[in-house]
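Visitor: Input sequences plus hints: build the corresponding full structure.
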Amino acid sequence: MEEFNLQETNKGDISILYLDGFLDAHTSSELEKAFEKLISEKRHNVVVNFQKLSYISSAGLGVFMAYIETMRNNAGDIKLCSMSDKIYNVFDMLGFPILFEIYKEEQTALDKFH
Amino acid sequence: MDDQNKIVISSSTKYLARVRKYIEVKANETGADADTINQIVMSVDEACTNVIKYAHHYDTNKKIKIEVFHSKKQFKVSITYEGLEFDPNNVENPDMEEYFAKCKVGGLGIPMMKKFMNKIEYKCGSPNVNYLTLTKSLS
Numbered sequence: 001m002e003e004f005n006l007q008e009t010n011k012g013d014i015s016i017l018y019l020d021g022f023l024d025a026h027t028s029s030e031l032e033k034a035f036e037k038l039i040s041e042k043r044h045n046v047v048v049n050f051q052k053l054s055y056i057s058s059a060g061l062g063v064f065m066a067y068i069e070t071m072r073n074n075a076g077d078i079k080l081c082s083m084s085d086k087i088y089n090v091f092d093m094l095g096f097p098i099l100f101e102i103y104k105e106e107q108t109a110l111d112k113f114h
Numbered sequence: 001m002d003d004q005n006k007i008v009i010s011s012s013t014k015y016l017a018r019v020r021k022y023i024e025v026k027a028n029e030t031g032a033d034a035d036t037i038n039q040i041v042m043s044v045d046e047a048c049t050n051v052i053k054y055a056h057h058y059d060t061n062k063k064i065k066i067e068v069f070h071s072k073k074q075f076k077v078s079i080t081y082e083g084l085e086f087d088p089n090n091v092e093n094p095d096m097e098e099y100f101a102k103c104k105v106g107g108l109g110i111p112m113m114k115k116f117m118n119k120i121e122y123k124c125g126s127p128n129v130n131y132l133t134l135t136k137s138l139s
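Chains as they are written, first to last, in the numbering used here: chain Y, 1 to 114; chain U, 1 to 139.
Be a bit skeptical, because a hint or two may be false.
[What the hints assert, rightly or not] In silico SDA-like cross-links for lysine to any residue, where the CA-CA straight-line distance does not exceed 25 Å:
{"id": "1", "chain 1": "Y", "residue 1": "K11", "chain 2": "Y", "residue 2": "H26"}
{"id": "2", "chain 1": "Y", "residue 1": "K86", "chain 2": "U", "residue 2": "K63"}
{"id": "3", "chain 1": "Y", "residue 1": "K86", "chain 2": "Y", "residue 2": "S29"}
{"id": "4", "chain 1": "U", "residue 1": "K53", "chain 2": "Y", "residue 2": "K112"}
{"id": "5", "chain 1": "U", "residue 1": "K102", "chain 2": "Y", "residue 2": "E36"}
{"id": "6", "chain 1": "Y", "residue 1": "K112", "chain 2": "U", "residue 2": "F100"}
{"id": "7", "chain 1": "U", "residue 1": "K102", "chain 2": "Y", "residue 2": "R72"}
{"id": "8", "chain 1": "U", "residue 1": "K73", "chain 2": "U", "residue 2": "K104"}
{"id": "9", "chain 1": "Y", "residue 1": "K42", "chain 2": "U", "residue 2": "K63"}
{"id": "10", "chain 1": "U", "residue 1": "K119", "chain 2": "U", "residue 2": "E67"}
{"id": "11", "chain 1": "U", "residue 1": "K63", "chain 2": "U", "residue 2": "V8"}
These are calculated hints, taken from the structure and not from any lab test.
Guide: Written out as structure tokens, the structure is:
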């Protein structure tokens, strides 16, 4: 199994990133590249699906902090969904729900854009 | 070079997954719950990441030694590496309200270590050898 895998799909003007594996200081650059690509394509509405992500470190958290302002400044957002309790606890422990919308279901995250 | 209670890695983020697996296996031996094990694993990951980035500047010729000592009461991880002196205890935790208000990036690794572990001890030896010990109490 790959350490980290990322897949992107589009639903209208919303891009969905599916994360799989371990998001750490070694793999977080792949997620950065995905956000850079979305910005270059002017796709600022993003849902990130964590269903298959089994680990996140502060390097992974930092990627979301690095791009949230750009997305919101362009009338978009990064909404997070489908986290396991283990992953949600990391976000919650540091207070990320203050800044990020986190939903249990992907469809709910998608619906919140419109 | 590995033995039962020690691994030595080259200073590269590509070995973080191996370190995490090693710590997870050793922590599992204690019978600790999944949350506790994850907190230990994450703390060691953050500590090694900081060494790789800030002490070794991604120089893969440098080494990091990770040793584990555990009993029923505590799980202790000692991280030994060469580099400039740096005591994470001297780093203040960020004000998270300000952190989010200003959309800051980075600087969360040490706060996570402090939150998850019961004790962080730092000692600088010579020449330029650093000893970082993370201790988690087990209930």
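Visitor: Work down the list of hints and note, for each, if the structure agrees.
Guide: Going down the list of hints, with the structure as the test:
no., hint, verdict
1, K11/Y - H26/Y, "violated, 29 Å"
2, K86/Y - K63/U, "violated, 30 Å"
3, K86/Y - S29/Y, "holds, 22 Å"
4, K53/U - K112/Y, "violated, 38 Å"
5, K102/U - E36/Y, "holds, 20 Å"
6, K112/Y - F100/U, "holds, 21 Å"
7, K102/U - R72/Y, "holds, 13 Å"
8, K73/U - K104/U, "violated, 37 Å"
9, K42/Y - K63/U, "violated, 42 Å"
10, K119/U - E67/U, "holds, 16 Å"
11, K63/U - V8/U, "holds, 7 Å"
Consistency with the previously given hints fails for numbers 1, 2, 4, 8, 9, ordered from lowest to highest.
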